[in-house]
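Asks: Fit chain B to the known structure of chain A by using the hints.
There are 2 protein chains.
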Amino acid sequence: MTSDIILFGVGAMGQRIARLARERGYTIRAAIDMDPAKQGIPLGRLADWQHVESGPVVTGDIAEALKGRPATVLHATASFLRDVSPEIDACLQRGYDVISIAEEMTCPHVADPTIAAQLDATAKHHGARVMGTGVNPGFAMDMLVLALSVPCGRVDHIQVIRTNDLSDFGPTVLRTQGVGLTPKDFVDAVAQGSVVGHVGFAQSIALIARHLGWEIDSVTETREPIISSVAREAPHLKISPGQVAGCRHCAFAHIDGHEVLRLEHPQQICPGLEGQATSDQIRIKGDQVIEMQITPEIGGGAGTAAAAVNALAYLRHAPAGLVHLTDLPLTSPKLTTFPSQGDHS
Amino acid sequence: MTSDIILFGVGAMGQRIARLARERGYTIRAAIDMDPAKQGIPLGRLADWQHVESGPVVTGDIAEALKGRPATVLHATASFLRDVSPEIDACLQRGYDVISIAEEMTCPHVADPTIAAQLDATAKHHGARVMGTGVNPGFAMDMLVLALSVPCGRVDHIQVIRTNDLSDFGPTVLRTQGVGLTPKDFVDAVAQGSVVGHVGFAQSIALIARHLGWEIDSVTETREPIISSVAREAPHLKISPGQVAGCRHCAFAHIDGHEVLRLEHPQQICPGLEGQATSDQIRIKGDQVIEMQITPEIGGGAGTAAAAVNALAYLRHAPAGLVHLTDLPLTSPKLTTFPSQGDHS
Chain A
1 MTSDIILFGV GAMGQRIARL ARERGYTIRA AIDMDPAKQG IPLGRLADWQ HVESGPVVTG
61 DIAEALKGRP ATVLHATASF LRDVSPEIDA CLQRGYDVIS IAEEMTCPHV ADPTIAAQLD
121 ATAKHHGARV MGTGVNPGFA MDMLVLALSV PCGRVDHIQV IRTNDLSDFG PTVLRTQGVG
181 LTPKDFVDAV AQGSVVGHVG FAQSIALIAR HLGWEIDSVT ETREPIISSV AREAPHLKIS
241 PGQVAGCRHC AFAHIDGHEV LRLEHPQQIC PGLEGQATSD QIRIKGDQVI EMQITPEIGG
301 GAGTAAAAVN ALAYLRHAPA GLVHLTDLPL TSPKLTTFPS QGDHS
Chain B
1 MTSDIILFGV GAMGQRIARL ARERGYTIRA AIDMDPAKQG IPLGRLADWQ HVESGPVVTG
61 DIAEALKGRP ATVLHATASF LRDVSPEIDA CLQRGYDVIS IAEEMTCPHV ADPTIAAQLD
121 ATAKHHGARV MGTGVNPGFA MDMLVLALSV PCGRVDHIQV IRTNDLSDFG PTVLRTQGVG
181 LTPKDFVDAV AQGSVVGHVG FAQSIALIAR HLGWEIDSVT ETREPIISSV AREAPHLKIS
241 PGQVAGCRHC AFAHIDGHEV LRLEHPQQIC PGLEGQATSD QIRIKGDQVI EMQITPEIGG
301 GAGTAAAAVN ALAYLRHAPA GLVHLTDLPL TSPKLTTFPS QGDHS
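As given, the protein sequences belong to chains A and B, one line each in that order.
If you're matching positions, the first sequence starts at 1 in the numbering used here and goes up one per residue.
If you're matching positions, the second sequence starts at 1 in the numbering used here and goes up one per residue.
Heads up, some of the hints might be wrong.
It does not matter which identical chain is used: a pair holds within one copy or between any two.
What the hints assert, rightly or not - Below, simulated SDA-like cross-link-like pairs (lysine to any residue); rule was C-alpha separation at most 20 Å, straight line:
1. Lys184 <-> Val230
2. Lys38 <-> Gly213
3. Lys124 <-> Arg248
4. Lys67 <-> Pro86
5. Lys334 <-> Asp287
6. Lys38 <-> Val219
7. Lys334 <-> Gly286
Note that these hints are calculated values from the structure, not bench results.
Same shape as in the complex, but just chain A (with noise of 0.2 Å):
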C-alpha cells in the first residue's frame, strides 16, 4: 500500500483534507488548485502546518502534478458534476483514482447520466476508480439511513431531519440559504434560483433507492423561509425578528402515489437561539419503528474531510469505474501503517 495522495483543490475543504491526511500519516505529493493566487505557494502554508514552508508547491499544472505511478486524488472543487467532471476526468485518463467531495458524484447518474456513463468508460479504461463521498450527501441523510435499515425486514417510510448551524458559514453561503432576507424576498430569491437551500437531495434519494431496490416515481421539493422570532447574529451577518434566519428545504419520495422517504433539512443561524437543538435526526417505520438521534449533529466539514481520508484504505479494493459508497464496505477511519513513512513535515 503507497501512501502518496494527490491534493486537486486547496480551498477551505480541502486544506483541511491536506490536515487530516497528513496526521494520518499519507504523503501528499502534488496539491493542484485552478486558482492563480494560490499557485507557488507551498501547500504548509495554505493549510496552516507547523512548518509553512514544506508539502508540495500548489500547481495549476493538472499534467505536471499527476506524473510518475497512479496514486489517489481526493478532490475539493465545487459540487455540481458539469463543473467538477472535466477535472476528474483529467485524473482518470492519466489513470489515477479519484475521491471527491463534489455532492453531485455520490450518484452522479441522478445529476447527469451521459456524464456518469463517460466518468465510468473512462475509469474502467484506465483500470482507475472514481468515487464521491462526505457527510451529506454521503451520510448523514443516505448511509446512516441503510445502517438503520440492516435490522429490519421491511421498510415503509424513512424520516430524516437533520438540523444545523449555519453560523461559521461565509456570506457566499449564507446567500444561498437566504439568510437576511425579508420572506417575500425570499419567495422570490427560490423562485429566481438564487436562493437553492441544499445540494443532494436527488443524490441521498438515489442512494437509498439503489440499495433497497425501490424505484421512486416522483420526488418534490420545498423550501421555506425560517422566519425568526428574535434577534441573531452570527460571525458575518446579524438579522432582525420578522428576518429569514434560513431555509428549511425538504424533499418528498413517493412510490405508486404513497410517500416512502421525506428528507427534511433547517439550515440556519443560530438555531439555539430559538431554543432549537441541532441533531441528525431518522425514524425508519417497517415491521419494526427504529427512531434515532444525535445531538448535536454530525460536524460537515470535519466529516467530509474525515469521509473522504477514510475512503483511501477502501476504494483501492473496488473494480474499476465509478463506485457508489453503497457497494463498498463501510469506510471507517483505519489505522494503516505504510511501507516508508518518509517525511511528511
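Replies: For chain B alone, kept in the frame of chain A given last:
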C-alpha cells in the same frame, strides 16, 4: 438469482426467519431440525402460517435436505462455534452457502481459530461462502458503531450501552442472566458459570478492532447483579425488592494500557418499573464527538431474523470462504424480484 433457501433450525428464531423469508418471496425448499419432536411436521404448522400444512416437512436428514442445486442455508440452532460448526461444515461440504445467527459465527476466529480456519478452507474448497449475523453481536454493538465512525477522522474511545428488557424471554434465558436470585447467589452463580450474561462481546470487539486496524492488548469483563428496589413481574417470573432483576455485563478493551472500547449491556426484566428506558446508545470520541441514541432499543429477535434474511442478497456476491459482515456492503433489506415467484403458500 434463485429464491430457493434452506432452513437449518426450526426453533423460535428459525420460525421467525421462516416467516420473514416467505414474506420476502423466498421459497424454503427444505427445513432441517435435529429435534425428533419437530421432524415430520410441515414447516407451516410450526411457523404458524395461514396454510399450516404447507411448506417442506421438517427433516433430521441433512443429506436428504441438501440435494440438488446448491442454495443458501439460513442457520439458527445454537450460539457457540463448537456446537454449530459440524452443522455448518455439512452444508459447506455440499457447496451450500451458509448464513448463521450463531453469535460466535460473526467473528469465529475469536472463539476458536482452528475451527474458523477449517470452515474457511472447506468453504473455499467447495466454492461456498459462510457468514454470521444478528443484532448483537452483528449490529447494535459493532456494525452500527463502525457506521458512526465513517465521518470520524480519528477514533480515540467508543462507549456502547444497550439497555433491553428480558420480560418476554422464557425461564432458560432468565436463568442465564440470574433473574430472581439473591445478590449473593448471583455472585456465586457467576463464579460457577451458570450466570453467563451476554454472548458476543468478544465478537463485537474483534469486528470493530479488525475494521479499524486496532490491535487490542487486553479485554476485561464484569458481571454485576441489577438489584431491584421494587417488585417486578414478567410473564415467567416475579421478583421482590432486593432480588436480582438481571445482569449488567460489561466489557472493556485496552490498547497500550488505555481503555479504547467500553461495551455495557444491562439486561433485566421490566426496567421501566424503575424509570429506565430501553435504548441503544453509542458515544464515539475522536476528532469529533458523536452521541447517538435509539429509543426503544432495536428489537433483538425481529432484528436478528431480518439481518439473516437481508444478508441473502449480499452474501452471494462475496468471494468463497469465511465472510465477515464488515467486509460486505450494508446488508439492507433489498427488494428483490425472482424469475419465478412460484407458490410459497
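Asks: Hint by hint, say whether it matches the structure.
Replies: Hints and how they fare:
no. : hint              : in the structure
1   : Lys184 <-> Val230 : within (18 Å within a copy, 59 Å between copies)
2   : Lys38 <-> Gly213  : neither (45 Å within a copy, 36 Å between copies)
3   : Lys124 <-> Arg248 : neither (40 Å within a copy, 53 Å between copies)
4   : Lys67 <-> Pro86   : within (18 Å within a copy, 54 Å between copies)
5   : Lys334 <-> Asp287 : between (34 Å within a copy, 14 Å between copies)
6   : Lys38 <-> Val219  : neither (40 Å within a copy, 50 Å between copies)
7   : Lys334 <-> Gly286 : between (33 Å within a copy, 13 Å between copies)
In terms of the numbered hints stated before, the structure departs from hints 2, 3 and 6, listed from lowest to highest.
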